[in-house]
Amino acid sequence: MTAEIGHFALILALMIAAVQSVVPLVGAHRDNAEWMAIARPAALTQFGLVAISFGCLTQLYLSSDFSVLNVIQNSHTTKPMIYKIAGVWANHEGSLLLWVLILALFGSAVAAFGANLPPALKARVLSVQAMIAVGFYLFMLLTSNPFERVEVPPINGQDLNPLLQDFGLAIHPPMLYLGYVGFSMAFSFAIAALIEGRVDAAWARWVRPWTLAAWCFLTGGIVLGSWWAYYELGWGGWWFWDPVENASFMPWLAGTALLHSSTVVEKRDTLKGWTILLAIITFSLSLLGTFLVRSGVLTSVHTFASDPARGVFILALLIVVIGGSLALYAWRAPSLVSTGVFQPISREGALLLNNLIMATAAAAVLLGTLYPLMLDAVGGDKVSVGPPFFNSVFIPLMLPMIAAMAIGPMLAWKRADLKPVLARLWAAMIAAVLAMLAVWAWATDGPVMGVIGVGLAAWLFVGTLVELAGRIRLFKVPARESLRRLARTPRASWGMTLGHLGLAITIAGMSGAGAWQTESVQAMKPGETVTVAGYDFTFDGAKDGQGPNYSIVRGTFLVTKNGQPVATLDPEKRVYTVTKRPTTEAAIHSTFWGDLYAVVGDKDKATGAYVTRIYFNPLVAWMWGGVLVMVGAGITSLTDRRHRIGAPAGRRVAGTAPETVKT
Amino acid sequence: MSRGVACILLVVAVTWLSPALAVNPDEVLSDPALEERARDISKGLRCLVCQNQSIDDSDADLAKDLRVLVRERLSAGDSNDAVIQFVVARYGDFVLLKPPFKPATLALWLGPVGIAGVGLLAVFFFFRRRRLEVSAGPHGAPTSAKPPEPLSDDEKRRMEDLLKDDKT
Chain A
1 MTAEIGHFAL ILALMIAAVQ SVVPLVGAHR DNAEWMAIAR PAALTQFGLV AISFGCLTQL
61 YLSSDFSVLN VIQNSHTTKP MIYKIAGVWA NHEGSLLLWV LILALFGSAV AAFGANLPPA
121 LKARVLSVQA MIAVGFYLFM LLTSNPFERV EVPPINGQDL NPLLQDFGLA IHPPMLYLGY
181 VGFSMAFSFA IAALIEGRVD AAWARWVRPW TLAAWCFLTG GIVLGSWWAY YELGWGGWWF
241 WDPVENASFM PWLAGTALLH SSTVVEKRDT LKGWTILLAI ITFSLSLLGT FLVRSGVLTS
301 VHTFASDPAR GVFILALLIV VIGGSLALYA WRAPSLVSTG VFQPISREGA LLLNNLIMAT
361 AAAAVLLGTL YPLMLDAVGG DKVSVGPPFF NSVFIPLMLP MIAAMAIGPM LAWKRADLKP
421 VLARLWAAMI AAVLAMLAVW AWATDGPVMG VIGVGLAAWL FVGTLVELAG RIRLFKVPAR
481 ESLRRLARTP RASWGMTLGH LGLAITIAGM SGAGAWQTES VQAMKPGETV TVAGYDFTFD
541 GAKDGQGPNY SIVRGTFLVT KNGQPVATLD PEKRVYTVTK RPTTEAAIHS TFWGDLYAVV
601 GDKDKATGAY VTRIYFNPLV AWMWGGVLVM VGAGITSLTD RRHRIGAPAG RRVAGTAPET
661 VKT
Chain B
1001 MSRGVACILL VVAVTWLSPA LAVNPDEVLS DPALEERARD ISKGLRCLVC QNQSIDDSDA
1061 DLAKDLRVLV RERLSAGDSN DAVIQFVVAR YGDFVLLKPP FKPATLALWL GPVGIAGVGL
1121 LAVFFFFRRR RLEVSAGPHG APTSAKPPEP LSDDEKRRME DLLKDDKT
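Going down the list, the sequences are from chains A and B.
Heads up: the first sequence at position 592 corresponds to 592 in our numbering, and the numbers run straight through without jumps.
Heads up: the second sequence at position 22 corresponds to 1022 in our numbering, and the numbers run straight through without jumps.
Honestly, the hints are just simulated from the structure, not real lab data.
Bear in mind the structure is a predicted one, so any value in this text is a computation, not a measurement.
Watch out, some of these pointers could steer you wrong.
What the hints assert, rightly or not - Derived SDA-like pairs (lysine to any residue); straight-line CA-CA distance at most 20 Å:
1) Lys414(A) / Ser338(A)
2) Lys525(A) / Val1028(B)
3) Lys382(A) / Leu1110(B)
4) Lys382(A) / Gln1085(B)
5) Lys1102(B) / Asp376(A)
6) Lys1098(B) / Trp239(A)
7) Lys1164(B) / Ala115(A)
8) Lys1098(B) / Lys525(A)
9) Lys419(A) / Met374(A)
10) Lys1098(B) / Met374(A)
11) Lys382(A) / Val1087(B)
12) Lys414(A) / Gly1117(B)
13) Lys603(A) / Val1028(B)
14) Lys382(A) / Val1049(B)
15) Lys1043(B) / Lys414(A)
16) Lys382(A) / Arg1131(B)
17) Lys382(A) / Asp1093(B)
18) Lys1064(B) / Pro1025(B)
19) Lys1043(B) / Phe394(A)
Can you build the whole structure from these sequences, using the hints too?
Shown next, in the form of structure tokens:
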């Protein structure tokens, strides 16, 4: 019964979405308030129905109902509760259900809290949301029904891929989807604006919170995946330029560009057409990302072709959404009039440079990711496009951007003078040179990119602080006055400062971890010691054990430095009972300067020695910490007063908001 | 996204990713300089039966065979290029994670440069058009800026509502 309820709820949601995608749109066109008003109850009902559907699938997993194909293929009675829940979205059909759930959640959020939106804009936004939803419901119901039953239920399921039975990866897809789907809001607002032919500061303020929230979730989702790869794959790698990673990185690059260009629309009333185009591109890349990962097209063009129903539907949906929105853009964008003018050397110019580089980077990653597929599809050679390609294209693009990132925020709007700004950045220049010298003295044999990376990180970090100091007129006015200015800094400005500081920390971490990893691979008998990066790792043997649905070999390392105990590391090797597949659980001890990282492998029956891998990964904690600061920056900016009150900020009556700052 | 989802696909494909078993102690060369070169080469060679993994990261048998082969050639005195040529001669360009510059990859390598070029041109024309518009308009005001349209009745009502809200 549960499966049928879920299935019917999904069908009903499709019906409601179909109505919601047409009636409010026509209502907005004809200025018919009643037709427009349908959007609100429709969006809320749609969310309720999808929530019922999602709840049903979750219940099927919790009760291990093996009459449902999806549950058979991805669950097992011995699986711990948390992975029964995570199993709901750890597969193609279930993840699509999560996708539409989040889409409906965002839609109902607009319906419920969008009271300050003009009715016509709100109606159009919700209609566009419903159009996307219709596409997804149809895709699910026609090709990927999660509620499909089997005639003869098996006694037990086939279990979930052990690599996915991990906490980081259990919450990774929801985070990522909140990001992808969050960008659908920017998309819907962009399409609605194109239909209305009006983009102004108010529009930019309405879109900004959604874009920011999506960006925060996507950033968090990407870093969760990266973190998982770091501790689970067992050799300390954290980014592989794998197509599935690129799939999430492309919308991130475009979304970051969108965040910056929408600031220009809001403050300076220009770059409107470009911002709308970016919103369309960002969501298109999110759609592409969802489908690249879920369609099997990445494995090969041939698996894609072997399941023609899904493949053709996906292709058609992409063409309709992307092609349709670009056509609308080509038709309507010329009517968007920008009034703000600016010189190339100005804040707007710097933000435009950011956009140019981020967009080029996104396009280059797209090209590299799809190139083997495209070449194969036209019957050309088989080529591999791996990390060396991406690094050689991506890094040269990022160097000028990070260099410019310290300068941009200090430029005035409209027209700026570069010389005094550069003169004010002397501290950042000194910091960069000192950091490079220090790193070079510490590791003369390292790759030059590591040294440059750390130097740029120092430049950006100190440069951002110089900008903050200038804004609060530190040392120019009495300290009390500076503190007052600091307290009055709008949260959106804090978002910029923290975001850039976070990126600087992350870049330092990436440079360290990428350039100076120390590795030691050996066979060790209990009692033996190896020294890695000045730490002595003594192998204390390994013991067998039993987890809920796997068996364990747990090794123990006692780590000392100069005779002083530092840590005990217990890496595990697990073999999952149902699938008979092994996973590695690396043991990691993080310190400020780097991670001690140990992995235990197979036992050699003849000698009794275990294969062990020990790494020192410098500055890895900086990488994760920096990203956390960036997400925090996004959240800080999200709480800015002007998003809470909606309409362009003016000074409120004294007493209601004493911290008022004119932005 | 991450490797995890790749793994779902890999189940369907040839092999799955089983970590931590890549380079094994018995493969490691005793000469650290030679081993270092072997690792460098391995990182650029694709494990042909895996999805987007280098032979340095993969535990597939083929990857192990290739790692051993690379080390044999290096021990025999081959240069790095000679080793890579040796592998490419047997497996084709597909084995290279950094695709060589050749007609089939022309668009790949020149693409990013072309995209950046188009972007720069677009920015250039954007500024030029703006300058023309500004110089054509009276008193330096851009001619394209139309006066804002008057508010509709509905909008006026909403504005009054908002203003009323603000006072309470």
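- [ ] Run the structure past the numbered hints and jot down the numbers of the failing ones, going up.
- [x] 8, 9, 12, 15, 16
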